[in-house]
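*Asks:* Sequence:
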Amino acid sequence: MEFSDEPLHLSINKTARKIKKRETSSLYNSLRSIYEDSIFVAEIGGLWPDLPLVANLRCGLWYTPRFDATCYFKSTDGHQNNWSFSTARLNLHLAILSGQRGGCIIVDSTRKGKRFPDSMSKTIPIWCCVLNWSIYNHLQRTCGVQEEGHSINFDWDTSLHLPSWVPQTEKAAIESLLPKWINEFESCGVDISSLAHALKKPLRPLWISQSTLIWLNEVPSYQSWDFTPVILVSASGQDGLVKQMVQAEFSWRYIPGAGDDEESWARGLMPDMFWKNAFRIIDAGPEDCNRMVSEIVERDKVYRTQRGEYVPQVKVGAAKYLPSEELGLQVIDSSGYLKNETNLADSKGVFWIGSTCIAVASIMDVCDESVDFDCMLNCDASARVSVSMSTDAYLNLPIVSSKMDRFSLYRSLTSAVNFAKFQLLRGKRMLICCQNGEDISICVSLAILTCLFDESENFDGGESFKRKSVTKWEMRKRLVFICNFAIKARPSRGNLKQVFAFLTSEEEH
Numbered sequence: 001m002e003f004s005d006e007p008l009h010l011s012i013n014k015t016a017r018k019i020k021k022r023e024t025s026s027l028y029n030s031l032r033s034i035y036e037d038s039i040f041v042a043e044i045g046g047l048w049p050d051l052p053l054v055a056n057l058r059c060g061l062w063y064t065p066r067f068d069a070t071c072y073f074k075s076t077d078g079h080q081n082n083w084s085f086s087t088a089r090l091n092l093h094l095a096i097l098s099g100q101r102g103g104c105i106i107v108d109s110t111r112k113g114k115r116f117p118d119s120m121s122k123t124i125p126i127w128c129c130v131l132n133w134s135i136y137n138h139l140q141r142t143c144g145v146q147e148e149g150h151s152i153n154f155d156w157d158t159s160l161h162l163p164s165w166v167p168q169t170e171k172a173a174i175e176s177l178l179p180k181w182i183n184e185f186e187s188c189g190v191d192i193s194s195l196a197h198a199l200k201k202p203l204r205p206l207w208i209s210q211s212t213l214i215w216l217n218e219v220p221s222y223q224s225w226d227f228t229p230v231i232l233v234s235a236s237g238q239d240g241l242v243k244q245m246v247q248a249e250f251s252w253r254y255i256p257g258a259g260d261d262e263e264s265w266a267r268g269l270m271p272d273m274f275w276k277n278a279f280r281i282i283d284a285g286p287e288d289c290n291r292m293v294s295e296i297v298e299r300d301k302v303y304r305t306q307r308g309e310y311v312p313q314v315k316v317g318a319a320k321y322l323p324s325e326e327l328g329l330q331v332i333d334s335s336g337y338l339k340n341e342t343n344l345a346d347s348k349g350v351f352w353i354g355s356t357c358i359a360v361a362s363i364m365d366v367c368d369e370s371v372d373f374d375c376m377l378n379c380d381a382s383a384r385v386s387v388s389m390s391t392d393a394y395l396n397l398p399i400v401s402s403k404m405d406r407f408s409l410y411r412s413l414t415s416a417v418n419f420a421k422f423q424l425l426r427g428k429r430m431l432i433c434c435q436n437g438e439d440i441s442i443c444v445s446l447a448i449l450t451c452l453f454d455e456s457e458n459f460d461g462g463e464s465f466k467r468k469s470v471t472k473w474e475m476r477k478r479l480v481f482i483c484n485f486a487i488k489a490r491p492s493r494g495n496l497k498q499v500f501a502f503l504t505s506e507e508e509h
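If you're matching positions, the sequence shown starts at 1 in the numbering used here and goes up one per residue.
Hints may be right or wrong, so weigh each one.
Mimicking DSS-like on lysine-lysine, the simulated pairs with C-alpha atoms at most 25 Å apart in a straight line are [stated by the list, open to error]:
no.	residue 1	residue 2
1	K114	K180
2	K477	K421
3	K497	K468
4	K472	K180
5	K428	K472
6	K421	K497
Hints are computed from structural coordinates only; laboratory data are not their basis.
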């Protein structure tokens, strides 16, 4: 008989770590922590009730039942020595909304043992500074041409405002990169005149956490400030500590930033499902929570199946979410102004790209009878779509994430462009959809616009494409144009690489 050298039992420390990990990732602990943090978020929202409440996707979406809009700022763009300003995540709708409403309140949280995520500490401050500089430069160039709402005295604040805990050395390093980011922003095709028209005061971030002391009888009026406030609310508990909470019926464990990484704990539950059943779930306690959530998710799946909608399969585990993460709920017209303000719960999620007769959407939005289109390009690999149209008006291209297949999108783009050309030549309105309406459908529309439209976004069947060479910067400008309308766009880097590879290969033919 052979004996293993490995111990038969886990050490006490390993066992304790496994128990702690199981406790901190439990469903009830996460949902109860979110519920408790949402009370703080509601209190802050009540201090400035006229300011729109904005969720930074995806984590921020858990912390209140209703948001006025969403945005997408990545923490990785604020990581030390990895600072970045992304022209793929411009969040222009947020700047315009803030200008129209006098400011905004952005909600997010973090698990990482600190009060604020890097998206709030650095990414958003960098964004504010780049936009302020670009508007200032625009006002300088138009000196003598009075901009509506602006007295051209050039007292426009262009400083980089960072929280006090960011070291001066890091601030100096970020400031050295600002000229490059400002140039990239001003060169990518954004209508800065529209931003200048909407923003009467420069953007400036302010930070509020559960550790912030606010005298309720001395809450300042945001109208009195000489800037447009971007109030950054971190919902995470004080100091980001995990705490054991005890009440009469049961105990539970508080988890800071519990809304983060929902794939590892939510079991298919979405924020809107949670808030429709929040009181029942919280009162149920740890023992009945899992069963109740399973029933809620299953009922939602049955409901969507009966309506013929796409129903994602839920995998319980700690798998990371595949690309995405961005934004909002306001529809922007061709001049860059908000057409209307709709609430998250009422948003149809279908975005028409200017006057191109092309729209992008999530597969879950295409069954809405109010969506008016003539043909559909379905880019989802496993979707079930219930629509009534002729065979030549529907094409399904089973495209998967670049993390699953690095060439899936590339192989499908020729068929997508040919289908689009056939439909657009006949004057048809085309809907391009994918699982979330944020990544693959955006990249497919980018390829179609580049191949079949001229620089003024007029359909020419590909004549202008034959005469020019596509650069990454030209492709980026097209993407910015799409993002002006499809404000939920969050194309992944892997898919954008495939689009560029396709465009350059088509030039050679």
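*Asks:* Now tell me if each hint is right for this structure.
*Replies:* Evaluated hints:
1. K114 x K180: violated, 30 Å
2. K477 x K421: OK: K477 and K421 at ~21 Å, within 25 Å.
3. K497 x K468: Cα-Cα ~19 Å, so holds.
4. K472 x K180: holds, 17 Å
5. K428 x K472: violated, 29 Å
6. K421 x K497: holds, 23 Å
Hint check: violations occur at hints 1 and 5; the rest are consistent with the structure.
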